[in-house]
Structure formats: structure tokens, C-alpha cells
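Colleague: Protein sequences, first through last, are from chains A and B. The letter at position 297 of the first sequence is residue 361 when you use the working numbering, and the numbering goes up by one with no holes. The letter at position 77 of the second sequence is residue 124 when you use the working numbering, and the numbering goes up by one with no holes.
I should point out that these hints are in silico values taken from the structure, not numbers from a laboratory. It should be emphasised that the depicted structure is a prediction, and the values quoted were computed from it without experimental measurement. One thing to keep in mind: the hints can contain errors.
[Said to hold, decoys possible] A few chain A residues that face chain B, going by a derived Cβ cut-off under 10 Å, partial list only:
no., residue
1, L362
2, Q368
3, L448
4, L776
5, L780
We put the CB at the ideal spot given by N, CA and C, even for glycine.
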Amino acid sequence: MTAPLLRLASLAWRESRSARRRLLVSMSSIALGVAALVAIDSFAGNVTRSVHEQSRTILGGDVQVTAHRPLPAPVERWLDSLASRGVPNARLVSFPATATTPRTGGTRLVQVRGVGAGYPWYGRITTAPADQYTRLQTSPVVLVDPALLIATGARVGDTLTLGKGHFQIAGTLEDVPGTTEFSAALGPRVYVGQRYLASTQLLGFGATADYSAVLRLPRNTDPTRFVAPVKQTFNAQQIQTRTVTQTEQSTTNATNTLASFIGVVGLVALLLGGIGVASGIRAFVARKIDTVAILRCLGATAAQVLVIYVAQAAVMGLIGAAIGALLGVAVQFALPALVHGLIPVDVTPSIEPAAVLSGLAVGGWLALIFALRPLLALRTISPLQTLRRESDATVLRREVRDWRQLLVTIALIVSVVAVAMARADTPIQGLWIAAATAAVVGFLALSAELLTRIARRVLREGWPYVVRQGVANVYRPANQTRAVILSLGFGAFLLATLYLVQTNLLKTFALDATVTGANVLFFDVQDDQVTAVDSLVRAHGFRVVQRDATVPMRISAINGVPVAELARDTLGRQRREGWALRREYRSTFRDSLLGGERLRSGKFFDPHRTIAPADTGEVSIDVGLADNLRIALGDVITWDVQGVPIPTRVTSLREVTWMRFEPNFFAVFQPSVLRDAPKQYIVLADVPGPKNVAAIQRDVVHRFPNISAIDLALILSTVQRIVDRVTTAIRFMALFSVAIGIPVLFSAVAATRRDRIREGVLLKTLGATRAQIIRILVTEYALLGTLGSATGVLLALGGASALLHRVFKQPNFSIAVTPLVTMTVGMIALTVGIGVLAGRDVFRETAMAALRDGG
Amino acid sequence: MLIADSLTKEYRSGDRALAVLRHVSFTIPHGELVAIVGPSGSGKTTLLGLLAGLDTPTTGRVILDGDDLSQLSEDARARVRGDKIGFVFQNFQLIPTLTARENVQVPLELRGNNGNAGRNGADGPRRLETTPSARASELLGRVGLGDRTEHFPTQLSGGEQQRVAIARAFANQPALLFADEPTGNLDAASGARVVELLESLNRESGSTVIIVTHDATLAARARRRIRLADGAIVEDTGILA
């Protein structure tokens with residue numbers, strides 16, 4: 065730095081003496097936004113590192129080969145040849161089943177894990193009592209989640225039946241690497257030696273099971289390159305290969321998606337903070353008019369003045385950002401405890417320098433760029449103000465619209481858009497966020513303008529003096545209408561949007577779980593068992609709500625082009641999603657739509673129409689799937705139904721409400737097409753009361769051990785646990801936005817505080833009582849509060865509805881009137897409170913002091 | 048030398064032009080002590096603003112040592128002020144966040160000349176090999192405030208504040224010093240002290256001092272008086288002399 069600049073810097077430092085605290089408060093509006101970004105980025109960094117360190121443990125090996133059927137002979141041969149070359153594999157079979165404890169009669173849907181010798185190659189499954197895991201390979205014992213013991217009333221040492229197999233409970237699972245709290249939520253895990261699985265007789269035709277081989281590669285072997293030669297062939301046979309690298313990536317991606325979602329709130333907080341900075345600096349600039357005029361008299365150029373105050377703002381902005389970063393680091397250290405059990409790795413928090421630096425840089429820069437616009441007004445303060453002082457508003461109104469203003473405005477817009485694009489999941493999403501923020505700000509500014517105009521027009525001489533004065537404050541010079549409405553409205557918008565999205569999403573869960581009236585779902589019901597299950601349910605006096613046949617199948621061709629060929633075409637607009645081409649579909653057939661389905665296009669099957677053997681059958685496809693497969697009405701999909709090719713023409717597209725508690729299908733066939741195919745059934749029953757549910761589950765499983773049952777209450781409690789976690793997170797974010805809104809609102813009010821105090825003291829000098837002055841303030845702030853919060857809430861209705869429709873794909877949107885009204889009233893009270901609090905100096909200051917200050 | 052050449056200043060009030068100064072002309076040679084007097088609203092402060100380059104005339108010119116101030120940009124005029132002009136105001140205009148010494152330092156620091164105050168006046172640039180801080184302390188000593196250098200403006204009396212303002216005005220050894228009602232806010236004793244200071248600094252440094260006042264006693268001490276009424280000169284003792 066050159067000597068003159070150093071001198072200016074030192075002058076800037078000395079001059080900032082009395083304003084440092086105030087300036088820091090203004091610039092600190094940015095701190096909470098920075099805190100959010102630093103916390104989220106640091107935590108995501110921690111997770112990425114932990115996942116990297118523990119990814120082999122999550123997978124249990126280096127490569128996993130999985131199929132929904134026993135691994136075919138060529139794969140087995142490949143595995144054998146690898147084993148002979150020193151690449152061992154361990155087997156894992158996973159499937160749902162109903163476990164029963166004969167001693168207590170308790171039944172429960174469980175997730176069976178049949179593990180072969182060697183699994184897992186990395187990490188250690190710990191048990192209570194200790195070291196029971198190795199016993200799985202030598203005796204017919206099981207290790208279970210403690211939740212199963214609670215659900216069935218069983219104890220360690222009891223017998224547990226799975227299908228036709230009987231096992232002794234050797235202990236409970238303590239720590240299973242790579243699993244989350246919710247892994248065992250729907251069905252507690254039951255670990256059993258793979259060699260003892262046959263005794264269950266649960267792995268027959270149509271059983272829903274995954275068969276895996278987990279490989280341990282020699283050190284320094286790249287898993288991706290290792291599987292590359294076989295990957296394509298395996299894919300073609302619907303055999304999935306998964307490497308430790310992919311596991312790492314997908315786990316990290318999932319965390320990053322969550323982080324970027326929460327990061328959006330942080331980003332909005334940062335922008336709101338920016339508005340707070342701008343308001344605060346505007347107040348600061350007003351206080352500096354006299355000093356700047358003196359400096360200009362003493363020979364300071366406009367550039368020197370700007371350097372002095374930009375330096376002050378920059379330093380305070382950086383300190384504000386640093387406070388935010390520190391706060392962010394503190395939150396980051398608290399986060400692992402909050403998310404414990406939600407992610408499949410143990411996260412050790414540590415400071416992430418990149419996250420802290422980027423938070424500091426983004427926060428510091430945004431604070432400075434938001435401060436720069438009002439600071440530019442300092443350039444235009446005339447030295448004449450030393451001789452003839454005009455009001456703050458008059459002096460600052462002379463703010464010229466020159467190229468510097470334009471440049472700073474452009475830099476501000478570019479910075480906001482760049483930060484939004486960098487922070488969001490995709491650049492387009494970033495643009496949307498920036499555009500939405502701009503739209504909200506624009507709307508609020510517009511409503512502020514409208515208020516000033518309307519207030520001017522409606523004011524009547526006949527109104528009481530204090531009301532007239534309060535209303536006039538809204539439009540007269542030095543009004544704070546725009547600043548207050550902007551900050552308050554933005555806060556209200558954020559808060560109400562979060563609230564509306566939360567309540568609507570939660571409502572969807574509640575609605576969908578009860579709409580069908582069913583609460584127990586039996587699956588894996590064989591063709592010859594369905595009538596018996598039906599009768600059994602009815603014999604207990606309960607209702608069978610729905611019965612759907614399911615036929616497993618895959619797509620073999622679309623419009624005559626084989627899937628393998630379609631999957632290779634990865635370019636262009638017609639690219640079809642690989643997962644949709646390769647997955648196994650469990651489809652049904654019927655001739656009517658269900659309650660949760662809506663016909664979007666085409667015509668659903670005519671039950672009376674018969675088709676000739678040579679005709680192509682009809683199929684109805686879910687609109688989402690049709691989009692992923694690039695399928696339109698009239699296209700022909702050829703299905704591979706257990707080796708038999710079945711061509712079908714798409715004659716309708718359906719919209720399916722996937723969140724309903726009922727079996728939903730991607731493809732529904734015309735009944736005559738699938739009626740004779742080998743099939744299973746899903747039976748949905750309405751069984752009131754937990755005792756009845758337990759009894760019917762027990763009876764069905766006792767008679768048909770292969771059938772599994774899902775209890776709706778169980779799902780609901782799981783959903784509720786997830787919802788509770790989400791609610792806590794959303795409440796935290798809502799509180800966060802209020803926390804940001806308050807300092808921003810303070811800054812907005814502070815911008816014109818000096819003028820308010822001067823006027824208040826003048827009124828006091830002229831005989832106004834304390835009560836009258838308070839009433840004037842209350843009228844003004846109540847008006848501003850009402851308009852700001854009401855506009856914010858109204859904008860939130862649009863924002864939340866758009867989010868629910870576009871992001872969360874929710875067709876319904878309901879408005880929670882009472883909470884929104886409460887929120888609005890609360891915001892108004894907050895504004896009035898802050899306004900009156902800021903005006904309290906009117907009562908403290910003597911008339912002489914204020915008049916002297918006024919020059 | 049300062050030349051006011053047919054200065055006119057008009058303000059617009061709605062669609063009417065309001066003339067505050069009308070064709071004011073005079074010349075003030077270097078080293079003079081001049082009082083501009085006149086009743087309230089006569090245009091004294093407006094004239095001071097124009098002469099000091101704080102404002103530009105509607106028509107006419109202000110020429111300081113050959114430079115036409117009205118042709119200079121705001122920043123160029125600021126540099127001229129920093130180099131050649133000092134101010135003393137009725138309400139002192141000290142920066143409240145700076146101590147007395149720091150206030151006096153400001154003009155030196157804005158020039159970035161390490162306290163080597165110089166003047167491009169008649170006797171040419173002068174260099175004082177001191178730091179801004181030392182120079183400020185020295186000046187405060189000269190105005191009798193050597194023991195109050197670290198006090199903030201609010202801790203000083205009105206007379207003391209005005210003396211700090213005078214020390215600041217002379218920090219750069221200006222060719223021209225403007226004093227706007229320098230005794231207006233002071234009691235008689237403090238006012239007298241301030242006037243003596245202005246006179247002695249005028250004598251010692253050779254700076255031209257222009258005092259705007261409606262205080263007849265103060266005006267009487269000036270060697271030349273320019274009297275304004277309704278925006279025009281009604282008396283100039285310099286011309287008579």
C-alpha cells in the first residue's frame with residue numbers, strides 16, 4: 065500500500081471510532097447467512113471425507129454384484145475364476161419375510177440378510193453378547209435388531225421362525241456399518257447364515273430377494289477398472305455391479321443434495337442480510353453527511369471520501385462475515401449429533417478451511433457490494449453542507465445516477481446471480497432462485513410505492529392529529545416505507561413459505577395413509593393362496609379392500625428396438641433413462657382405474673372388448689415413466705414375462721398418486737393379456753385395532769409362511785419419525801429466517817432514525833405528550849408492518865404453491881389461515897415494537913440537544 | 048490574489064429564478080484581512096461558498112492565483128482547497144470522532160504529504176520536515192491548546208473548539224483563509240481570543256483572511272470591508288482606500 069493510501073486507511077480507522085459498533089451491527093446482517101453457508105459446507109465436507117474413509121465399510125467390500133434372482137451360471141463361473149486367482153467373494157441374500165416367535169406368538173415383518181462366509185470384508189458387525197457374528201456360519205442361529213425383540217416380546221435364546229425354518233436368537237445387532245437409523249425402521253434386520261436359508265423355503269418362485277456377491281480386491285486395484293470389462297454384459301442381464309467408488313459418490317451426492325437444499329435457505333439468508341447491510345449503511349451514510357462535508361471542505365476528493373468509508377465498511381463486513389463463519393463452525397460441530405443415525409457414516413467434525421474461506425469471501429464480498437451502492441452517495445455530498453445544512457433526505461436525494469451507480473448495480477446483480485448459480489444444485493436452479501428473489505424484492509418495492517401513493521391520497525383533514533401524522537410519515541420525505549416493507553416482507557415471505565410447504569407436505573402423508581381405509585398389506589401371496597387369504601381375512605370379520613395380481617417382467621423392446629440398443633443411445637433429446645429400461649417391473653392387470661389414478665390421455669381398456677390371439681394387447685403407463693422412456697400413445701412395448709415376449713400397445717397414460725397406501729403400478733395391462741401369466745398377489749385389508757392386526761398377521765403367516773405383511777401403523781410411525789426430523793429442521797430454518805429478519809428490520813428502521821428523533825423532539829418542544837408521540841409511531845409502524853407482512857405472506861402463497869407443484873409434485877395446496885394470520889399479527893407487533901424501541905431516544909433527548917445536532 | 052468577476056448566483060424556486068448574488072466583483076490581493084458584512088439574507092454565505100470553491104456561480108468567475116475555480120471539476124476544486132484554502136466555521140465543524148490533534152492532522156493526511164505543509168502562494172512552496180502529528184501538536188500549542196491535544200470535540204468548550212478549527216485551518220499554511228461568523232457562537236472573551244489569533248496568524252503567515260460576519264466590532268478590525276445588501280456590493284472600503 066502506498067503512503068497516501070496508508071494515511072487514508074489510518075484516517076479511516078480513526079474516523080470510524082464512534083461508528084464502529086453501529087457499522088458492525090449493520091454489516092453483521094450478513095453474519096447469519098455466512099454462518100449457514102459455512103455450517104452446511106463444512107458439514108458436507110466432513111461427510112464427504114468420512115464417506116471416503118468409510119466407503120468400503122458401507123459396501124462391505126470393493127465390488128458388489130447383485131441380481132433380483134440367483135446369480136446366473138456365467139456370473140458364478142466368473143466369480144469362481146476370480147476366487148481361484150485370489151479375489152474372494154462373500155455372498156449376501158436379502159429379502160423381506162415375516163418372523164414369528166413361537167413362545168410369545170409375536171410376528172413382525174423383517175429384513176432377512178443371509179450372509180455367507182467372509183461378509184463383510186471391511187468393517188465389523190458388533191453384537192450383544194459380543195462375538196456372536198461368527199456363529200452364523202456354524203449354527204442355525206440369528207442375530208436380530210433389538211427392535212424385533214421389543215415388537216415380538218422375544219428374548220435372546222428364544223426360537224424365531226422364518227418361513228419353515230427355526231432359528232435360535234443368538235444375540236442382538238449393535239453396530240452394523242453403513243446403515244442408518246431408518247434402515248431397520250420398516251423391518252428389523254435379521255442376520256442368518258446363508259447356508260441355513262434353504263430351510264426357510266422362502267426363496268421360491270416370485271420371491272422378492274436380492275442375491276449379491278461381495279468381492280474383495282487386491283490392494284491398489286481400481287474397482288471401476290476392475291469391473292469395466294464385465295459391466296456391460298452384466299447390465300444387459302439386469303445384473304447390477306456396484307463399486308466402492310460409486311457407493312462413495314452416491315452417498316456423497318445424497319448428502320450434497322440435502323446440503324444444497326439447506327444451502328438455498330442460507331443463500332436467501334445471505335441476500336436478506338445484504339438488504340440489511342444496504343439499509344444499515346444508508347443510516348450510516350446519513351450520519352456521516354457532516355463529516356464528509358467537512359472533509360470535502362478540507363480538500364478531500366470524492367475518491368478519497370469513498371476510500372475512507374469503503375475501507376471502514378469492508379473491514380466491518382469482513383469482521384461480520386468472520387463472526388458468521390465462527391458461528392457456522394460452532395453449528396457445524398453441533399450438526400453430527402443432530403443427524404446421528406440419518407447418514408450411513410460416523411461423521412467426525414473438523415474445520416474445513418475451504419468452507420470457512422469461501423463463506424468469508426462470499427459474505428465479505430456481498431456485504432461490501434450491498435454497502436457500496438448507498439456508500440456511493442457520499443461522493444455527492446457537497447462541502448456547502450458545512451455552511452448551509454439541509455435535511456439528510458434532501459442531501460442524499462441528490463444521489464446522481466451516473467456510470468458508477470450503474471457499474472455497482474451491475475456488479476451487485478452479477479454477484480447475486482453468480483453466488484446463486486454456484487450455490488444451487490444446477491445453474492438453472494440458481495438462476496431461478498436469483499430471479500425469484502428479484503421478483504419478491506420487486507413486488508415488495510412496488511407495494512411500498514403503492515402504499516406511499518395511497519396514503520397520500522386517503523389522508524383526510526378530519527382524522528385525529530396523531531393518525532394523520534403517522535400516516536403522513538409513510539409518504540413524506542425521509543420516509544422508511546421501502547426499507548421496512550422490503551426487509552419485513554422478505555422475512556414474512558420466507559417464514560410463511562417454509563411453513564406452508566411444511567404443513568402441506570405433512571398433510572399429504574396424513575391424507576394418503578388413510579384415504580383407502582386399509583391398514584394391512586399382504587404380499588408374496590401365491591396364486592393358489594389368494595382365495596384362502598381372502599377367506600381368512602373375511603372369517604375374522606374384516607374387509608379385503610383391494611386385491612392385485614402382480615407379474616414380474618422386464619422391457620425387452622420399444623417399437624421393435626431392443627433395450628440393449630436403446631440403452632446404448634445415450635445422446636440426444638430422445639435419450640431414455642437407463643434405470644427405466646433395465647428395471648424389473650411388477651405389473652398388474654385390471655379394467656378400471658383406482659382412486660389414486662387419473663387418466664391423463666388416451667382411453668382406458670374397454671372391459672367388454674375381446675382381443676383375437678393375433679392382436680397386440682393394450683397397456684396403460686404412468687406418465688412419469690412414459691416421460692423417462694420417451695413413450696407416447698400408440699408406441700409398442702414388448703415385455704419379457706418370464707422368457708415370453710409380450711408386445712403391448714400404449715393406449716393410455718395415467719397419473720398415479722404414489723404416496724397413497726395402496727399398491728401402485730407403472731404399467732397396468734389389459735386383463736386378457738396377463739390373466740394366464742404366472743403371478744402373485746398383493747392383498748390389502750382393513751383390520752381395526754393393533755390386536756386384530758397382530759392376530760391376523762400371525763394366522764396368515766402361520767398358515768402361509770411365505771406371505772409377508774406390512775402394518776400401516778408401522779409405516780405411519782416410521783413416517784412420523786422422519787416427519788418429526790424434517791419438522792425440526794424446518795422449524796430451525798424458520799427460526800433462522802426470523803433471526804435474520806430482526807437485525808435487518810432494525811437496520812431498516814435505523815436508516816431514518818435520526819430524522820424521526822429530530823422530528824419527535826421538535827414535536828415534544830412544541831408541546832406533544834409522550835403518549836401522542838408513541839401513538840404517531842405506532843400508527844406509522846402498524847401501517848408498515850401490516851403492509852409488509854401481508855405482502856410477504858401473500859407472496860408466500862404463490863411461492864409455496866409453486867414449490868409444492870413444481871418441486872414436490874403435489875397437486876393439492878391448502879392454506880393454513882389461522883397460523884398465517886397469527887404470523888402476520890406477530891410480524892406487525894414485532895415491527896411496532898422495533899419502531900417504538902428505535903424511537904425511545906425521543907424521550908431521552910432534550911430539545912436543545914436535538915436542535916443543536918440538527919445544525 | 049483572489050478575483051471575483053461579476054459573480055451571479057441564482058436558485059430556482061419552482062419556475063422562478065431567485066438571484067441571491069448579482070454581479071459581484073472585487074479583487075483581494077495577497078495577505079489582506081477582509082471582512083464581508085451585511086444583514087441576514089444579503090448573500091454573504093453564498094459569496095463565501097463561491098469564493099472558496101464550495102459552489103459554482105451561475106455566471107461570472109472566481110480566479111484564485113490565476114486558476115478559474117468555476118471552470119474546475121468538484122475534485123479539482125477540492126484539491127485547490129486542500130492546497131490553498133483554510134476554513135473556520137461558526138459552528139466549528141470539527142469531526143466529532145477525531146481528537147483535537149487528529150482533526151488538525153486531517154488536511155495534512157488528505158494531501159498525503161507527510162506533514163510537509165506547503166503553500167503555493169506568493170512566497171512559494173515551503174517544506175516542514177515534521178510528521179502530521181507533530182505539526183498538529185505544534186499548531187495546537189500555538190493556539191494555546193497544547194494540553195488538550197487528545198481531547199475530543201465534545202470535551203472542549205466552544206472557544207477551544209474554534210481554536211482547534213483555526214489550528215486546522217492553518218495546518219496547510221493556506222494562501223487563503225475563510226472564516227464564516229467565527230465568533231458567532233462564542234462568548235465575548237472567547238470571541239476576542241479567536242479574533243486575535245486570526246489576526247496574528249494573518250500577520251505571521253501572510254495568509255489572506257476573509258471573514259464573513261455581521262458583527263460590527265469584528266468587521267471594524269479588518270483592513271477592508273465589503274458590505275453586501277440584497278446580493279449586491281453596496282460598499283467596499285478597499286476601493287475607497
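Colleague: If a hint holds in the structure, say so; if it does not, say that too.
Modeller: Here's how the hints hold up against the structure:
Contact between L362/A and chain B, as hinted, is supported at the beta carbon level, the nearest pair being about 5 Å apart and thus within 10 Å. Hint on Q368/A holds. Least Cβ distance to chain B is approximately 6 Å, under the 10 Å limit. Proximity of L448/A to chain B holds as hinted, the smallest CB-CB distance being about 5 Å (cut-off 10 Å). For L776/A, the shortest C-beta to C-beta distance to chain B is roughly 69 Å, which exceeds 10 Å, and the interface hint is violated.
Here the hint on L780/A is broken, as its CB sits about 64 Å from the closest CB of chain B, past 10 Å.
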